[in-house]
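> These are the residues of each chain, in order.
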Amino acid sequence: MDKRVVIIGGGVAGMQAALALKERGAEPVILEKEERLGGKLRDWHRLFPTFTPAAEVLEPLREGIARAGIEVRTGAEVECLSEGGAVLRGGECIEGGATVICSGFDVFDARIKEEYGYGIYDNVFTTVDVERMFNEGRVATAQGGVPQRIAFLHCVGSRDEKVGAHHCSKVCCITGVKQAIEMKEMFPSAEIYNFYMDIRMFGPGYEELYRRAQLEYNINFVRGRISEASQTIDGRVQIKAEDTLVGRPLKMTVDMLVLIVGMKGGSRNVAFAGSGGLTVADNGFMQPQDSFLGNVSSGRKGIFYAGTVTAPKNIGESLNEGVAVAARVASYLGL
Amino acid sequence: MAYYDSFVIPFLAGTVFMFAVIAWKWCRWIWLLPSEDKRAISKGVFTSATPKAVWEVISESLLHRKIFRVNPLLGYMHMSLAFGWFLLIVVGWIEAAVELGAGTPLHAHVFFRYFDPGAHAGGNPFATVMDLLLLMVLSGVVLAWFKRVRSRAMGMKRTTRHVLVDRVALTALWFVFPLRLAAESFMAAIKHNGGFLTGGLGDLIAAHMDPAVIAGVNSVLWWLYSFALGTFFVAMPFSRYMHIFTEIPLIFLRRYKVRSGDHTKSFDNFQIQACSRCGICIDPCQLQRDLGIGDVQSVYFLRDRRYGRLSDKVLDNCLMCGRCEVKCPVGIELNTLRSNSRQERVDSPALTRYDYLKGTDRSSGSGRVGYFAGCMTLLTPVTLRSMERIFAAAGEDVWWADRDGASCCGRPLKLSGEVNAARRIMEYNKEQFAAHGISTLVTSCPICLKVFREDYALEGIEVLHHTEYILRLLEQGRIALNAGDTVYTYHDPCELGRGSGIYDEPRQILGMAGKLVEPEHSRSDAMCCGSSLANTVIDDGQQLRIGAAMTTELERTGAGCIVTACPLCKKAIVRNATLPVADISQIVAERLQVSGT
Chain A
1 MDKRVVIIGG GVAGMQAALA LKERGAEPVI LEKEERLGGK LRDWHRLFPT
51 FTPAAEVLEP LREGIARAGI EVRTGAEVEC LSEGGAVLRG GECIEGGATV
101 ICSGFDVFDA RIKEEYGYGI YDNVFTTVDV ERMFNEGRVA TAQGGVPQRI
151 AFLHCVGSRD EKVGAHHCSK VCCITGVKQA IEMKEMFPSA EIYNFYMDIR
201 MFGPGYEELY RRAQLEYNIN FVRGRISEAS QTIDGRVQIK AEDTLVGRPL
251 KMTVDMLVLI VGMKGGSRNV AFAGSGGLTV ADNGFMQPQD SFLGNVSSGR
301 KGIFYAGTVT APKNIGESLN EGVAVAARVA SYLGL
Chain B
336 MAYYDSFVIP FLAGTVFMFA VIAWKWCRWI WLLPSEDKRA ISKGVFTSAT
386 PKAVWEVISE SLLHRKIFRV NPLLGYMHMS LAFGWFLLIV VGWIEAAVEL
436 GAGTPLHAHV FFRYFDPGAH AGGNPFATVM DLLLLMVLSG VVLAWFKRVR
486 SRAMGMKRTT RHVLVDRVAL TALWFVFPLR LAAESFMAAI KHNGGFLTGG
536 LGDLIAAHMD PAVIAGVNSV LWWLYSFALG TFFVAMPFSR YMHIFTEIPL
586 IFLRRYKVRS GDHTKSFDNF QIQACSRCGI CIDPCQLQRD LGIGDVQSVY
636 FLRDRRYGRL SDKVLDNCLM CGRCEVKCPV GIELNTLRSN SRQERVDSPA
686 LTRYDYLKGT DRSSGSGRVG YFAGCMTLLT PVTLRSMERI FAAAGEDVWW
736 ADRDGASCCG RPLKLSGEVN AARRIMEYNK EQFAAHGIST LVTSCPICLK
786 VFREDYALEG IEVLHHTEYI LRLLEQGRIA LNAGDTVYTY HDPCELGRGS
836 GIYDEPRQIL GMAGKLVEPE HSRSDAMCCG SSLANTVIDD GQQLRIGAAM
886 TTELERTGAG CIVTACPLCK KAIVRNATLP VADISQIVAE RLQVSGT
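One line per chain: the protein sequences are A and B, in this order. Residue numbers for the first sequence follow the numbering used here, so the first one is 1 and each next one is one higher. Residue numbers for the second sequence follow the numbering used here, so the first one is 336 and each next one is one higher.
Everything labelled a hint here was simulated from the structure, so no lab data went into it. Mixed in with the good hints, there may be bad ones.
[To be verified] Sample of chain A residues facing chain B (criterion: CB under 7 Å; computed from the structure):
| id | residue |
| --- | --- |
| 1 | 115 |
| 2 | 117 |
| 3 | 161 |
[Stated by the list, open to error] Below, simulated DMTMM-like cross-link-like pairs (lysine to aspartate or glutamate); rule was C-alpha separation at most 20 Å, straight line:
| id | chain 1 | residue 1 | chain 2 | residue 2 |
| --- | --- | --- | --- | --- |
| 4 | A | 162 | B | 875 |
| 5 | A | 162 | A | 282 |
| 6 | A | 162 | B | 874 |
All values derive from a computational prediction rather than experimental measurement. Even for Gly, the Cβ is constructed at its ideal location relative to N, Cα and C.
From just these sequences and the hints, can you work out the full model?
Right, dumping it as structure tokens:
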């Protein structure tokens with residue numbers, strides 16, 4: 001049987017899958033739409049809950065790919081699936097004995113929640129913007145000032161019926177805690193608020209970090225979502241919210257409002273489903289065969305999944321799925 | 336008794352029963368009308384409203400002109416049955432009066448051929464006319480059968496699913512005219528009193544059948560014909576065919592300005608029972624089109640309400656977009672009836688919950704013009720900012736009613752049937768508007784606009800939607816636009832278009848800003864965005880699907896930008912669109928000519 005395996009997406013799941021498949025004797029080819037491997041992690045600065053630099057995860061993976069001589073096609077955007085592979089924009093078909101879809105997720109477009117003023121008010125940012133600023137080494141308000149008060153808003157584009165996102169994006173709670181701590185370290189005198197519905201600390205070390213954020217870093221957690229934001233005359237952001245624990249509405253002016261944006265299903269999922277006979281789940285992510293023994297299988301012969309294409313996951317989970325899918329593909333190919 | 340035969344008994348019994356029931360219903364409904372409606376009637380009777388109503392009865396109840404506009408074949412079907420049957424009765428009555436003399440009993444008119452006293456030398460001109468009319472009705476019956484099989488050919492993708500009593504009445508009705516044809520033809524075989532149709536068939540029968548057999552079949556046919564009529568008449572007042580007579584008083588009452596209102600009343604019965612269940616309301620419904628929900632449309636709502644088995648599932652599952660209302664050939668106030676049904680059921684929340692509003696005033700600024708953004712505009716701040724720029728450019732002093740938050744306009748509560756609670760909020764807002772001495776109230780939200788105009792009774796304050804206000808500023812030369820070559824397409828919000836009749840203002844503004852292309856469905860036929868506050872049954876995913884379908888239509892126009900004039904619609908379209916989406920105020924604000932430069 002054909003030992004070539006088409007891997008759609010060169011993020012952490014795709015790279016890990018390629019490495020593990022190569023070890024098992026397969027010939028993986030990674031199709032990456034960007035010019036470099038790394039996926040969303042390329043834009044991240046440090047990783048929760050350990051503040052590990054993203055490069056410490058990315059570089060070994062990239063080096064491993066290079067060392068193993070794995071074929072990588074960058075700038076290769078997959079349009080849809082074909083019988084036994086994928087069709088690139090431009091029409092070229094890349095085929096093999098199996099296909100692994102590791103195309104990941106899309107970041108929720110915060111502009112859709114117009115009431116928060118992203119793209120309208122100067123000092124409204126997303127968590128993605130904040131990581132970029134961390135990477136650039138300079139965090140400042142739009143006016144170039146040092147922020148004295150920063151508010152983080154959880155669940156933007158997650159658990160929000162109004163934007164058709166019922167699901168929990170899972171990793172944003174801990175991302176908000178992580179970035180709040182990083183901000184506090186950068187601006188020790190700043191007041192930092194996290195507005196949340198629930199804080200969901202599902203991973204090892206997460207709950208501990210959340211406690212430290214409160215005890216050591218004096219970050220304020222307010223249970224209640226921000227209802228709307230407006231810009232003050234001096235370019236700051238006025239927010240209205242309700243502190244549901246004391247049952248009172250509150251109004252606050254902040255220098256920066258950071259929207260903790262959620263994950264949504266990839267925009268290519270519908271095309272993959274249509275061309276590959278696959279299913280898109282109600283939440284917009286791809287539907288794996290089941291949540292247990294078939295969690296990296298698609299239910300269609302020769303098509304597999306790894307990483308956030310099927311659900312929100314953290315980096316560790318995506319890396320594990322890269323290994324898991326390699327085992328499944330290898331046994332499918334009889335390697 | 337002259338002109339009597341026992342076969343007329345089913346017909347007579349049915350007729351007496353039908354008219355007794357109808358008279359009982361009508362008298363009861365009229366009796367129970369609130370006194371202001373009774374006054375309106377007595378004021379209207381001796382005015383031009385009455386002749387206008389007579390003409391409307393002819394053109395709608397008999398000729399069905401509105402249905403012709405839906406589909407000519409469908410219109411002909413309804414007209415041939417209604418007008419054809421009506422003429423059969425009238426001409427038949429005249430013929431019987433001429434031949435038998437005045438004062439003959441009713442059944443002698445209806446079964447005239449049977450009681451026809453003599454042979455007509457040289458042919459009977461009445462018989463020819465009556466045969467022509469019978470042929471016309473029969474063609475309607477044939478089309479009705481055809482519609483059962485191929486409704487699409489008659490302009491309807493979907494037709495109504497009928498209840499048992501409707502099926503009984505329908506079956507009886509289908510039999511009435513073929514049986515009449517057969518009975519009159521056999522009679523013509525004996526008496527030679529038919530026209531070209533019944534006479535011709537009669538000659539054929541006489542030539543090929545034994546006279547004894549003809550006589551036997553003839554008497555059976557007249558029994559069957561009378562029985563079919565009787566069955567139809569007995570079922571009629573309880574079936575959809577009640578519309579035949581009910582539409583007539585409805586037309587008169589409507590001409591006398593009687594309307595349904597926030598609370599249910601006996602006039603509603605005239606509207607509900609004037610529904611013929613034609614099903615024209617089903618195809619325009621987007622719940623049907625996009626979600627495949629096929630049991631909540633107005634026809635089913637009216638039916639269930641009439642038979643006292645209205646469920647919340649049917650009542651609440653409606654966008655109240657009004658697409659069916661504009662298509663209803665009977666002109667029934669479908670949205671009003673639905674909302675007063677909701678009101679009927681609602682257990683109003685404690686009204687003291689709105690006491691906190693007393694004495695609060697979060698408004699700012701002052702001026703003769705008040706601006707009420709509305710909750711949804713506050714959630715789409717680009718619109719609010721654009722309005723700020725437009726007001727500034729026009730040099731308008733503005734009283735900002737709710738820029739810093741305020742109470743709701745009350746319409747969402749009203750739509751869910753909580754009329755009393757809504758009234759509390761309305762009173763508070765009214766006091767605010769009065770206290771700040773404004774003479775014009777501008778709002779960016781069509782939902783607020785509708786309730787301000789229809790329920791607030793704001794004396795001395797002109798209520799304008801921002802499209803109307805902006806157009807006025809442009810026409811007065813207080814602001815001017817830099818025209819560009821952007822191609823816009825415009826989505827008519829339900830509450831602004833069908834709800835408030837504002838179609839031209841936004842189009843004129845966009846015409847000044849750039850080029851305008853229309854989507855497939857626009858103006859009174861425009862699609863709903865799916866996010867309507869009126870529907871509390873469908874979930875967000877279903878709203879999204881309705882929104883996606885209408886957004887696709889907007890994007891197919893080839894426009895470079897989708898424009899609307901309702902914050903709720905904007906939010907719905909943004910979720911689905913790949914093109915930029917803007918409120919009309921944003922387009923205006925971006926294209927404002929800066930004075931003095």
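> Holds or violated: is the Cβ of residue 161 (chain A) closer than 7 Å to a Cβ in chain B?
holds, 4 Å
> Please verify whether residue 162 (chain A) and residue 875 (chain B) have alpha carbons no more than 20 Å apart.
Holds, because 7 Å separates the two Cα atoms, which is no more than 20 Å.
> Let me know if the C-beta of residue 117 (chain A) comes in closer than 7 Å to any C-beta of chain B, holds or violated.
Where the cut-off is 7 Å and the nearest Cβ of chain B is about 6 Å from residue 117 (chain A), the hint holds.
> Check whether the Cα positions of residue 162 (chain A) and residue 874 (chain B) lie no farther apart than 20 Å.
holds, 10 Å
> Can we keep the residue 115 (chain A) interface hint, with Cβ of chain B closer than 7 Å?
Holds, because the Cβ-Cβ distance from residue 115 (chain A) to chain B comes to roughly 4 Å (cut-off 7 Å).
> Given the proposed pairing of residue 162 (chain A) with residue 282 (chain A), does the C-alpha separation stay at or below 20 Å?
holds, 15 Å
In terms of the numbered hints stated before, the structure departs from none.
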